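Trainee: Quick note, the sequences are listed as chains A and B, same order.
Residue numbers 0 to 538, in numbering that gives the first Met the number 0, belong to the letters of the first sequence in order.
Residue numbers 0 to 538, in numbering that gives the first Met the number 0, belong to the letters of the second sequence in order.
In case anyone wonders, no lab produced these hints; they're calculated from the structure.
A couple of the hints might just be wrong.
In this list, chains with the same sequence are indistinguishable; a pair is considered to hold if it fits within one copy or across any two.
Subject to a maximum C-alpha distance of 30 angstroms in a straight line, what follows is the list of computed DSS-like cross-link-like pairs (lysine-lysine) [claimed, not checked]:
{"no.": "1", "residue 1": "Lys8", "residue 2": "Lys53"}
{"no.": "2", "residue 1": "Lys5", "residue 2": "Lys199"}
{"no.": "3", "residue 1": "Lys162", "residue 2": "Lys4"}
{"no.": "4", "residue 1": "Lys321", "residue 2": "Lys260"}
{"no.": "5", "residue 1": "Lys97", "residue 2": "Lys150"}
All values reported here derive from a predicted model rather than from experimental measurement.
Protein chains: 2
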Amino acid sequence: MAIAKKMRKFVDGGSMIRKMFEEGARLKALYGADKVFDFSIGNPNVPPPENFKKALLDIVSEDSPNLHAYLPNAGLPAARQAIAARLSREQKVPVEAKHIVVTCGAAGGLNIVFKALLEPGDEVLAVAPYFLEYGFIADNHGGVLKTVPSKADFSLDLEAIAKALSPRTKIFIIDTPNNPTGRIYPEETLAALGALLSRKGDEFGHAIYLVSDEPYRKIAYDGANVASPLASYGNSIAVTSYSKELSLPGERIGFAAVNPKAEDLDYLLGALAIANRILGFVNAPSLMQHLIAHLIGEELAGGQAACVDVGIYQRKRDMLAKGLAEAGYEFAIPEGAFYLFPKIPASGGITDGEFLSFLREENILTVPGAGFGAPGYFRIAYCVEESVILGSLPGFDSHGIVRRLFGPDVFHHRRAHLVPGHVKGRAVLSRLCIGVFVGNRVQYRRENRGKAGDLIHRTPHSGHDQDVATGNQDQPKEFLIPLSGKGSCGGNHGACLGAEGNYLPKAWQELARRRPGKLQVAHSVCHIVVGYGQHARRT
Amino acid sequence: MAIAKKMRKFVDGGSMIRKMFEEGARLKALYGADKVFDFSIGNPNVPPPENFKKALLDIVSEDSPNLHAYLPNAGLPAARQAIAARLSREQKVPVEAKHIVVTCGAAGGLNIVFKALLEPGDEVLAVAPYFLEYGFIADNHGGVLKTVPSKADFSLDLEAIAKALSPRTKIFIIDTPNNPTGRIYPEETLAALGALLSRKGDEFGHAIYLVSDEPYRKIAYDGANVASPLASYGNSIAVTSYSKELSLPGERIGFAAVNPKAEDLDYLLGALAIANRILGFVNAPSLMQHLIAHLIGEELAGGQAACVDVGIYQRKRDMLAKGLAEAGYEFAIPEGAFYLFPKIPASGGITDGEFLSFLREENILTVPGAGFGAPGYFRIAYCVEESVILGSLPGFDSHGIVRRLFGPDVFHHRRAHLVPGHVKGRAVLSRLCIGVFVGNRVQYRRENRGKAGDLIHRTPHSGHDQDVATGNQDQPKEFLIPLSGKGSCGGNHGACLGAEGNYLPKAWQELARRRPGKLQVAHSVCHIVVGYGQHARRT
Chain A
0 MAIAKKMRKF
10 VDGGSMIRKM
20 FEEGARLKAL
30 YGADKVFDFS
40 IGNPNVPPPE
50 NFKKALLDIV
60 SEDSPNLHAY
70 LPNAGLPAAR
80 QAIAARLSRE
90 QKVPVEAKHI
100 VVTCGAAGGL
110 NIVFKALLEP
120 GDEVLAVAPY
130 FLEYGFIADN
140 HGGVLKTVPS
150 KADFSLDLEA
160 IAKALSPRTK
170 IFIIDTPNNP
180 TGRIYPEETL
190 AALGALLSRK
200 GDEFGHAIYL
210 VSDEPYRKIA
220 YDGANVASPL
230 ASYGNSIAVT
240 SYSKELSLPG
250 ERIGFAAVNP
260 KAEDLDYLLG
270 ALAIANRILG
280 FVNAPSLMQH
290 LIAHLIGEEL
300 AGGQAACVDV
310 GIYQRKRDML
320 AKGLAEAGYE
330 FAIPEGAFYL
340 FPKIPASGGI
350 TDGEFLSFLR
360 EENILTVPGA
370 GFGAPGYFRI
380 AYCVEESVIL
390 GSLPGFDSHG
400 IVRRLFGPDV
410 FHHRRAHLVP
420 GHVKGRAVLS
430 RLCIGVFVGN
440 RVQYRRENRG
450 KAGDLIHRTP
460 HSGHDQDVAT
470 GNQDQPKEFL
480 IPLSGKGSCG
490 GNHGACLGAE
500 GNYLPKAWQE
510 LARRRPGKLQ
520 VAHSVCHIVV
530 GYGQHARRT
Chain B
0 MAIAKKMRKF
10 VDGGSMIRKM
20 FEEGARLKAL
30 YGADKVFDFS
40 IGNPNVPPPE
50 NFKKALLDIV
60 SEDSPNLHAY
70 LPNAGLPAAR
80 QAIAARLSRE
90 QKVPVEAKHI
100 VVTCGAAGGL
110 NIVFKALLEP
120 GDEVLAVAPY
130 FLEYGFIADN
140 HGGVLKTVPS
150 KADFSLDLEA
160 IAKALSPRTK
170 IFIIDTPNNP
180 TGRIYPEETL
190 AALGALLSRK
200 GDEFGHAIYL
210 VSDEPYRKIA
220 YDGANVASPL
230 ASYGNSIAVT
240 SYSKELSLPG
250 ERIGFAAVNP
260 KAEDLDYLLG
270 ALAIANRILG
280 FVNAPSLMQH
290 LIAHLIGEEL
300 AGGQAACVDV
310 GIYQRKRDML
320 AKGLAEAGYE
330 FAIPEGAFYL
340 FPKIPASGGI
350 TDGEFLSFLR
360 EENILTVPGA
370 GFGAPGYFRI
380 AYCVEESVIL
390 GSLPGFDSHG
400 IVRRLFGPDV
410 FHHRRAHLVP
420 GHVKGRAVLS
430 RLCIGVFVGN
440 RVQYRRENRG
450 KAGDLIHRTP
460 HSGHDQDVAT
470 GNQDQPKEFL
480 IPLSGKGSCG
490 GNHGACLGAE
500 GNYLPKAWQE
510 LARRRPGKLQ
520 VAHSVCHIVV
530 GYGQHARRT
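Looking at chain A on its own, in the form it has when it is part of the complex:
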């Protein structure tokens, strides 16, 4: 194996968010975007501000000879100037153009900051739940991520932080509003944090840099003020992105702003520009730098705000929160960002992974809290169409549906070992395994990774998106339930409509009625395929 061992481990592990995102893209390509409820990634669907497109067209049309040329590593002077002016005004920190490095989004910004600061073995301390990329970024540059839990309400636990800071801590990183909790840290807390970092820095004999990761600064609800970490402490660097506030995540544009009071200021600024170069960013994309300079310039001149309509996100938050509360989920209402971070329902005794795979079988893609250092929770990125939120709510509630159908022990049943051929008890639903019937084959709508003993293993398919022969009399462990009058599955599937098929028709027809889009396919015959099985409890 010639691949770096560390990278091999990453490949084997993968990023849950990205996996879900890419799985979502795959499913949407296969079945249509309206059939998949993808809450996995913060890929904003709110449009950029109104003046955005005109500005972009104008800039491209202008025939400026250097529009697509290399820029200084630290960025286009006009962009740095505009960014500094706006930041100074908003955060009351006298940042100048020279304190700004324009970056390839916040991820690019964090990489150059960590590269500039970390010696091998230096520690980065983050507050859990935290954005799971911090660990990778620290590791990229020889650092080690340590975490300290927040309080139960996701506020900063300063006592715990004081204990967790070590002589090896070079960076303390926070994000406010927080991803994934939506918590905004109040000004008093940040002031106390600043004092703590200052005291600990003196104690350890070196500066601890506060890195404020703030891509959600503008996404704050109910008129909330997002206090400035930069204003609370001199050795501080704000890193952010226009991905969310301008809905441009794919364009990779953001910045790092160094507090003018930071130690080693000139070295730090020089190191950030060099890191931008040698890590391969070279400069943040030039067209977008021109655009940012233009849009912020308009805002500073009293024109259109360079920000999306946050009210749209607030409506989505409220809609999702209402639905989840009705379904019995427990969660804190987000003050900002666009994530909801509910507890995983404890009933049923299932693991986090089982719960999420259950949602996945409802075509609902979310991310486990464990990836954010918070097992027992999961993250819903609600920066999606309202129709996705509304469409998903029955699925979020399907736990309830299933329990109503089968009684409270259904999840225990699901976890029970299947003893093939050994029939005990009644047949139970093994999965909400919904497929579309095409001709005489079933095309599965999602992967069906079963564990040993899961009934799904008994269906005659072995991979993703394969056509699966059905109606085969050798496969009595499947049945098909007709859901519409559009046609039938053909003479050779008469058995599908038999006694077994009538086992649960009413409940399933109810489900189909509530989610009509789910079963619309281009073909003449449409069924829900339900795997079922016979099981024996092992205790």
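Dock chain B against the given chain A, drawing on the hints supplied.
Mentor: Chain B in isolation, oriented as in the chain A frame:
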């Protein structure tokens, strides 16, 4: 000092190319682009192909909801598809979309490839002269750059390479056409290289990956064919950028293509996508990915080629080569790319740095060969306006001018120690120190970093772009030579026009005649300021 030690060293060292580039930008901002001959960086000035702008406007106008959204880490499927189809056709290697990772330019591509492959201490072997960023990129990911010289004509020296490959060599990197030499490696050489890497890999018991850095593939002259390194060896990865072939260097778009025969193919592809994510690129800029898919699509369908007009570069090459040959420089005619890599004239016994600073005093910015592992050479990036090439030629020849003025030993004079107040020999020109006279102050047009003993140290300024008092009778070591009839330096500078001022007027007036733009300033009085001095030879 809290900044990482390594980064501090980089800040102290800096990149000569980037320093020059940023110095050039500064000078241009101060004095106008037409007064500075900036050959420091490969910032193409040839326009993108004709259909480029329309395509960009069309794509932005289309109102596609996901135009600026996050993309899969490996890239937009349509872009990967188009890139793979074109590469397969051109290089006869059956690359598919899945073998492509769209990257933030070639620098981003090299970073993810090195990140994916290198274990700590692994070696990257490059052929000198080489692109000086390789060392930084290897170091970013725990690797170490080793170099092996090319032959005198800059072709690959396979015997030397065979000796330089070590059991720690994980990557062998080449670029063809080469930056900075313009050399294209022939197919037979690449085949022999592939066989060598294969044999050495067997000997060492692990694959050596051939990384082909090919941003200049399309910039080849006189109909030259650029043979494919990918086709010569299975364990190979091509990394490239559209910076040059589409003139988009600021937009950060390129790709890495993995040979389908490479060992650990799937791991490698997975690792590249993850590296793209965790290094902070996340995805190459999305709008540009849509654009690339469109432009390559047009080309593959038989429409406009997705490439700049290479004939423009060829004309520039020819113009520069003619001028430099006439001035007596020695160099190989570039077969591709847009750099000329002449020898530094050995006459005068000056150091490389002295020669380049001499050019710099002519407002000519170039980069020393030492940065490319080739001392005794310098690089001229001729991707500039033809007027810049033409305007620079007298400056490139000023070595000759100076020698004609002072005889062949002028550089020896310049290096001689100055013994203040101890007058021996005749006064000599210490520098081609050209400034503009504004009111009663001289504003220098460039920095004048002198060494101890340089006469320039005796002029009453101490930094860059400072106003310098002149005409002060306490400063008899300067004199001013009027060059135009536009005015005079005022009564208080009468001495400037005296005997000393007439010391070299004819030669200087000739220089001014040949470079009329150089002295056009907005102010009423305009002089060339020439520092001079009295020196004593030390041997």
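Trainee: Check Lys162 against Lys4 for me: Cα-Cα at most 30 angstroms, and say if that holds within a copy, between copies, both or neither.
Mentor: The answer is between: 27 angstroms across copies meets 30 angstroms, while 33 angstroms in one copy does not.
Trainee: Evaluate Lys8 and Lys53 at a C-alpha cut-off of 30 angstroms and name the case that applies: within, between, both or neither.
Mentor: Result: close neither inside a copy nor across copies, 45 angstroms intra and 44 angstroms inter.
Trainee: As a check of your reading, is Lys97 near Lys150 (CA-CA no more than 30 angstroms) within one copy, between copies, both or neither?
Mentor: Result: close neither inside a copy nor across copies, 38 angstroms intra and 44 angstroms inter.
Trainee: As a check of your reading, is Lys5 near Lys199 (CA-CA no more than 30 angstroms) within one copy, between copies, both or neither?
Mentor: This pair counts as between: shortest inter-copy Cα distance 25 angstroms, intra-copy 33 angstroms.
Trainee: With identical chains, the pair Lys321 and Lys260 could be close in the same copy or across copies; at 30 angstroms between alpha carbons, which is it: within, between, both, or neither?
Mentor: neither (45 angstroms within a copy, 53 angstroms between copies)
Checked against the numbered hints above, the structure violates hints 1, 4, 5; every other hint is satisfied.
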